[in-house]
Each structure stands twice: as C-alpha cells, then as structure tokens.
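**Student:** So you can see what is in the structure, the chains are spelled out below.
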Amino acid sequence: MEVVVAIIVGVLFAVGIYLILTQDVLRIVLGTSILTHAVHLLLMAMSMLKTGSAPLLGRGKETFVDPLPQALILTSIVINFGITAFFLVLAYRAYQKLDTTDMDRMPSESSRHRGQSR
Amino acid sequence: MPKGSDIFLQNVSKVVVFIILAFALYLFFTGHGSPGGGFIAGLMSAGALLLLALAYDIETVRKVLPVDFKLVTASGLLIALLTGAGALFFGKPFLKHAFGHFELPLLGETELHTALIFDLGVYLAVVGVTMTILLTIGEDR
Amino acid sequence: MNNWVVAPMLIPLFTAVLLIFLNKRLRLQRWISLISVMLNAAAAVFLMIQVRTGGIQTLNMSGWAPPYGIVLVADMFAVLLVLAASIVSACCLLYSFRGIDEDREKHYFYPLVHFMLAGVNGSFLTGDLFNLFVCFELMLMSSYALIVLGGTKRQFRETLHYILINVLSSTLFVASVAYLYGATGTLNLAHLSLRIAESGQSGPITAVAALLLVVFSVKAGLFLFFWLPGSYGAPPAAISALFGALLTKVGMYALIRVFTLVFYHETSVTHTLIGLMGIATIVLGGFGAVSQTNVNRILGYNVIASIGFISLALAVSNEDALKGAVFYLVHDMIVKALLFLLAGILVAETGTERINRMGGALIHSPLLGWMFLAASLAVVGVPPLSGFPGKLLILQGSLEEGRYVIAAAGVLLSLLLLYSLIKIFILGFWGEPRHPREAHWKQPRKLLLSSAPLMLLIVLLGLFAEPVMPYMQRAADILNEPSIYIQAVLKE
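Protein chains in written order, with this note's numbering: chain G, 1 to 118; chain U, 1 to 141; chain B, 1 to 492.
The hints are simulated quantities; they were obtained by calculation from the structure and are not laboratory data. For glycine and all other residues, C-beta sits at the position ideal for the given N, C-alpha and C. Errors might be hidden in some of the hints.
Now the stretches of chain B that chain G is said to cover, found in silico as 3 or more residues with beta-carbon under 8 Å [claimed, not checked]:
no.: 1; region: 134–143
no.: 2; region: 146–156
no.: 3; region: 415–424
Using 30 Å as the maximum straight-line C-alpha spacing, the simulated DSSO-like pairs for lysine-lysine come out as follows [what the hints assert, rightly or not]:
no.: 4; chain 1: U; residue 1: K96; chain 2: B; residue 2: K491
no.: 5; chain 1: U; residue 1: K63; chain 2: B; residue 2: K24
no.: 6; chain 1: B; residue 1: K24; chain 2: B; residue 2: K106
no.: 7; chain 1: B; residue 1: K153; chain 2: U; residue 2: K70
no.: 8; chain 1: B; residue 1: K423; chain 2: B; residue 2: K446
no.: 9; chain 1: B; residue 1: K153; chain 2: B; residue 2: K423
no.: 10; chain 1: B; residue 1: K446; chain 2: B; residue 2: K24
no.: 11; chain 1: B; residue 1: K106; chain 2: B; residue 2: K446
no.: 12; chain 1: U; residue 1: K96; chain 2: U; residue 2: K70
no.: 13; chain 1: B; residue 1: K153; chain 2: G; residue 2: K97
no.: 14; chain 1: U; residue 1: K70; chain 2: U; residue 2: K14
no.: 15; chain 1: G; residue 1: K61; chain 2: U; residue 2: K96
no.: 16; chain 1: U; residue 1: K70; chain 2: G; residue 2: K97
no.: 17; chain 1: U; residue 1: K14; chain 2: U; residue 2: K63
no.: 18; chain 1: G; residue 1: K97; chain 2: B; residue 2: K24
no.: 19; chain 1: B; residue 1: K24; chain 2: B; residue 2: K153
no.: 20; chain 1: B; residue 1: K423; chain 2: U; residue 2: K63
no.: 21; chain 1: G; residue 1: K50; chain 2: G; residue 2: K61
no.: 22; chain 1: B; residue 1: K106; chain 2: U; residue 2: K70
no.: 23; chain 1: U; residue 1: K70; chain 2: B; residue 2: K24
no.: 24; chain 1: U; residue 1: K92; chain 2: B; residue 2: K491
no.: 25; chain 1: G; residue 1: K97; chain 2: B; residue 2: K106
no.: 26; chain 1: B; residue 1: K106; chain 2: B; residue 2: K153
Kindly generate the complete structure, drawing on both the sequences and the hints.
**Tutor:** Following this line, the structure appears as structure tokens:
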C-alpha cells in the first residue's frame, strides 16, 4: 500500500511541477493546488497507513489510528483552500488589469505608469 | 444565455438546497464525537448557496440572504476567539474547553459543550469566506 | 502555565477582527490600531520581566501536555523579537496614518496589518513545528493581501510571483514536517531535539534539515532571494517597511531556532552550508545594492545582505556570535524599518524612485537628510549607533573560531552597504532639486515625527548597549544550551 501511495505522490508532484513551470497563471494556480495535495498524501503516508477506529476512548475498540496527521492535513487543506481561492481571485483581477494570463507577457519593471508610492 | 431559464434546475434546487442545509446542520452537531464539524458544515452550506446562485443568479442569493459576508466571517472569527479567550477568565489555559450535562425541556438530559460555540464560529467564518470569494469572482461577468 | 504568553498573538487577532466591523470609520480604526500595538508592546515588556525573573514561560494550549498539544514558549530571544516587532509596527502604523491613501485604508489595511502581526508574534512564540507553519501562513496570507492592496499593474505582477514562491516553499515546509513526523513521531521542537539527540542525527534527518534550510531561506531571503527586491518595492513605504523589518526576520528567527535547538549535531554539513549561503548572499546582495539605481531596490538588497550577515553568526554558532546575532537581529528590525520609512519620504519629496533623477532634497528637508545619513551609518555599524555592538560580537565570534573568510565577508558587506546607502544620500540629497515639489505633498514633518522613535532607539541601543547586554546574553544562553529550553518545555 505504501508503495502505491508513494508512486501516486510522485506522479502528483510531477504533474504539479509541470503545471507550475508553464506560463499561464491559471495552470500555475492548479499546479500549486495539486502540489499541495501531493504533500497531504505524503503526510498521510509518512504517519503509517493503517486501519483502526477513531481515537476516542470508551468505544470498546482495540486499535486506533493516529489523529495528529489527520489534524495536520485538515489544517493544511484549510490553509490551501484559502490561498488557492486568493490566488484565483488575484489571477482574475490581474487578467482584468493586465489583459493577459501569461506570466512572461506581464508588463515589466520599466513600465512608466506605475502608481506613486504614497 | 438568458439568466434563470433552466426550469428543471430551479425547481430541483428549491428542494435540494434545503436537504443540503439540513445535512449541513446534522454534520455540524454530529461533529463532536464523529466525523463532521463546523468547517465541513460551513463548506456544505456554502455549496447549497452556490447551487442557488447557479440555478438562479447571484442577485437572488443576495436577496435571499441580504447580509455582508465579510461581516459574517468577522463575527465567526470573533465568536471563535472569544470562546478560546473565555478560558483566560477562569485561569485555565487558552482554548481550554468546558462541558456539562444539563436538563433541558423537550430534549431531556443534554451534554452542552463550549467547543460547540467555537465550532459555530468556525462555521460562520467558513460560510463567510467562501461566499465572499464566490461573490467576488462571480459578480462581474 | 502562563496565559500571558498568548497575549502578543491574541491582542492583534482581536483587534483585526474588531477593525473589520469598523471598516467605514477610519479615524476610529487608526486609534484602535495604535492603542492595540501599544498594548502589545506593554504585554511584551511584561512578559520580558517575567522571563527575566522566572525563566522561560510556557503555555500549553487547551491544557494538553507538551509532546501532544501545541505549546507556546516565551524565552528571552522570542520576547525580545516580539517587543522589537511591536515597536516597529507602532511606528509604521503612525507613519501610515498619513503615508497611506484613504482608498487603501478603506480596503482593510489596518485589519490586515494586525493579522500579519498576529502571525509574526505567533511564529516567534510557538514551540511546535506545525504551529510555526500555521503562523507563517497567517503572516504570509495577510502579506499577500497587503502587497497587492491598491492594485497597480506592478503590484499585480509582483504579487503573483511573491505568492507562487511562498506557496512553493510552504509546500516544502509541510513535506519536511511530514518527513520529520515519520522519522521521529513528534513535532514539538523540544521533543524533536530530545529524540534526535537520543537517536543521533542520521543521514535522512540531516537531509530533512537541509530541506527545512531551503524553506526558511526562501522566507528569510537567504541566498534564495531573487523574489525579494521586486516584491518589497511594489507596495507603499509603510508596508515595505513592515515587510523589510518583520517578514524576513521571522524566517531568520526560524532558521536560528531550528538549527540551534534541533539540528545542531551535524554542524559540518548544515552549518557549513549556512555559512556558504551566507557568504554568497552577502556578495550577491551587496553588489546588488551597489548596482541598483532604484531606492526601494537598493533597500531590498540591503535587507538581503543583512540576512546574509546574521546567518554567518549562525554558521559560527559560538557564544559571542549568537549573542551578536540576537543583538543584530533586533537592531536590523528597527533600522530597516527606519530606512524604508525615510526612503518613502524621500521618494515622495523628490517625486521619483530613481536616484539619478533625484537631487537637492537636503534643501527642503534637512532633518530627513541627516536622519537618513545616521540610519545608513547605523546599518554599516559605526560605533555610537546600534549596528556596532552586534557586528563587533559576530566578527569577534568568527575570529575566535578561526573563520577568517566569514569575518572578511562581514567586513566586505559593511563597505558595500556603506557605498550603496551613501550613493542614495549623495545623489538624493545633495545638489539642486530637479523636480518641482508636488503641490499636494505637505507636512513631511509629521511623517518624520513617526519615524523619530526608531531613530531614538537606534541611538539608545548603541549608547546603552552595556545594560541591554544581559538580556541578549540570556537569549544567547538558551541558543547555546538547548537543554534549558527542553527542560522548560517538557518539565510538567
């Protein structure tokens, strides 16, 4: 089981990195999201894949799963949810403002019309 | 595409939205000792509202729920923080929870728990954030 | 158990939430933010007194005992940085009352600053690796929003880069947390240190340490800094000042904490790597600062170069060097904020960010010029000012260890930074004014007044280094002797 998960993690990492290396902002956002999920899977695999009941006492069960990685993953998912959403909104706004979703075509530093910092 | 033309989707969602919301409520309360809780219930409720927005349009959602979702987020955060900070006044560590068994009318003996209030905060924050994002992306088209 | 430990995190969080409700009432928002930051500084001072008399203070969140729950730890190092962060942010807020336009203020500027402060203070105080990640994210999320606030084209482009870099490094952070949890079964820093000391720092764990080094280096701008000058130059001065003073320093703090407390066994691998990265950072950052003509970019490279310098102290890791690192970190927070704020006034005064188009600012605002010069000298480490004691200690420490290359790099850095800052001074302040003053630009005096406390602190820290030194000593003792920290956390 661990081997399968390890391969899946590897594939997800590869897909995520490939998407991030493209120029389109939307693909990059998707890439970061996939990459984060690869890491969540890694986190789950690193804490041993096993079956057991929820770690609550007094339910007459013998084996329990480790609750900590699940808490970590949930927290990380929430954070990733927030960041992906923000990133998407930002990409959309940037598209409206800059008229492109291509990272390379965005106006460079030398553009004269920037807002005065004040 | 003319807005609000899909009569099947509209009629189905009129019913389904309430089923989803009821299930979200169930998840919210069952979250204490089983899978569920404020976060997932919040996402589910936001999903119901999203379905409404898809079947009709965002204006309808605005009319059904005329609240500023940024403030919903803020109130959720405030509730969660206050619950956590409440422990400070009793000389307990931050975020320490308390519970007790009470005799309530209709429900009989019920276990009441401050973690539920914290979860309510989480629920509101999640609904608020999700709806704010959806409305931000969805409204200018 | 001491509930005060959570105060520096709780106060900004409460304030931030409260300010969202008061979005329309700017005047009230300003007052509340200022009062809140002052309260925060007071709480930090109170904590510092407790730490001085009672040793390290800990708080087990929600009452869970240390290896299982999340623990907040206030040792002298963390408390000093929390205090410095509070003071710096108070001055930046004062500055932003006039230095930020109303449009930005209405778009949740103050709540975002407070969310960021909560993240910064949380990162300083936490004793748990995953909680550190969460606090980092809180801080970074607010910084994403702050950096794009106002929405100019340049800001959009820089923010996209900034977010992408940080999301990637956060992903690697979670990955290294996963590896560490798999290898040791714990994430509490004290417990991690104990477990790794027991089983020995094997090859895989050193590899994870190197991964964490990459993660924190991206956040701190140590060697992996290519994103920093652009991003920090995009937002207005008050926000750049907050970023330059706080964000990179949090990364540096995490580096120092982790590599003195947990991964201190294989110094020939990790600390050598840190040293090499530090020297490379100094050289690249220093020459970057010299080569630029944009004020904000010069300051961005200055931030980078100082980070390189502090990391040299970590590479040496003896008593003097670490004491110097603590001192220099506090000094650097204050002086970088001051430089960004003053540069903001200079840019407003001359109407351009390019130093070769500036000139003559000394005529209109002599005070600004002399303050800028003094701040530049403090960066370089001229004796009566606060840069000197820290720099001296770090150099002394590296010479004690016979690390002459490191000491030489430190001295080279001073020269390069001196040149880059004096270049701003000469081109910006001397000569004739080239641009007519903008008509709507008034009262730089009030802006200057808001950065005056920082100036005062720099002088005082330099003059009264002797009475301050015991605090730095105490902070360095814990960095030198991990067992003090471990005992304080795991005692109960």
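**Student:** Hint check: U:K70 vs U:K14, CA-CA at most 30 Å. Holds or violated?
**Tutor:** 26 Å, holds
**Student:** Are the Cα positions of B:K106 and B:K153 separated by 30 Å at most?
**Tutor:** Between B:K106 and B:K153 the Cα gap is close to 20 Å, so the pair holds against 30 Å.
**Student:** Please verify whether B:K106 and U:K70 have alpha carbons no more than 30 Å apart.
**Tutor:** At roughly 14 Å apart (the allowed maximum being 30 Å), U:K70 and B:K106 satisfy the hint.
**Student:** Given the hint that U:K96 pairs with U:K70, does the C-alpha gap stay at or below 30 Å?
**Tutor:** 28 Å, holds
**Student:** Hinted pair, alpha-carbon criterion (30 Å max): B:K423, B:K446. Please report holds or violated.
**Tutor:** 26 Å, holds
**Student:** Taking only the CA atoms, is the gap from B:K24 to B:K106 under or equal to 30 Å?
**Tutor:** Holds, because 7 Å separates the two Cα atoms, which is no more than 30 Å.
**Student:** Straight-line Cα separation of G:K61 and U:K96 no greater than 30 Å?
**Tutor:** 27 Å, holds
**Student:** Measure nothing beyond the straight line between the CA atoms of B:K423 and U:K63; if it is 30 Å or shorter, mark the hint as holding.
**Tutor:** 60 Å, violated
**Student:** At a Cβ distance under 8 Å, does chain G reach at least three residues of the region 134–143 of chain B?
**Tutor:** holds (count 3)
**Student:** Do the alpha carbons of U:K96 and B:K491 lie within 30 Å of each other, as the hint requires?
**Tutor:** Answer holds: U:K96 to B:K491 is near 20 Å, not above 30 Å.
**Student:** With a cut-off of 30 Å on the C-alpha distance, tell me whether U:K63 and B:K24 pass.
**Tutor:** Distance of about 23 Å is within 30 Å: holds.
**Student:** CA of B:K153 to CA of U:K70, is that 30 Å or under?
**Tutor:** Since the Cα atoms of B:K153 and U:K70 sit roughly 26 Å apart, the hinted pair holds (cutoff 30 Å).
Violation of the numbered hints given earlier is confined to hints 3 and 20; the remaining hints are satisfied by the structure.
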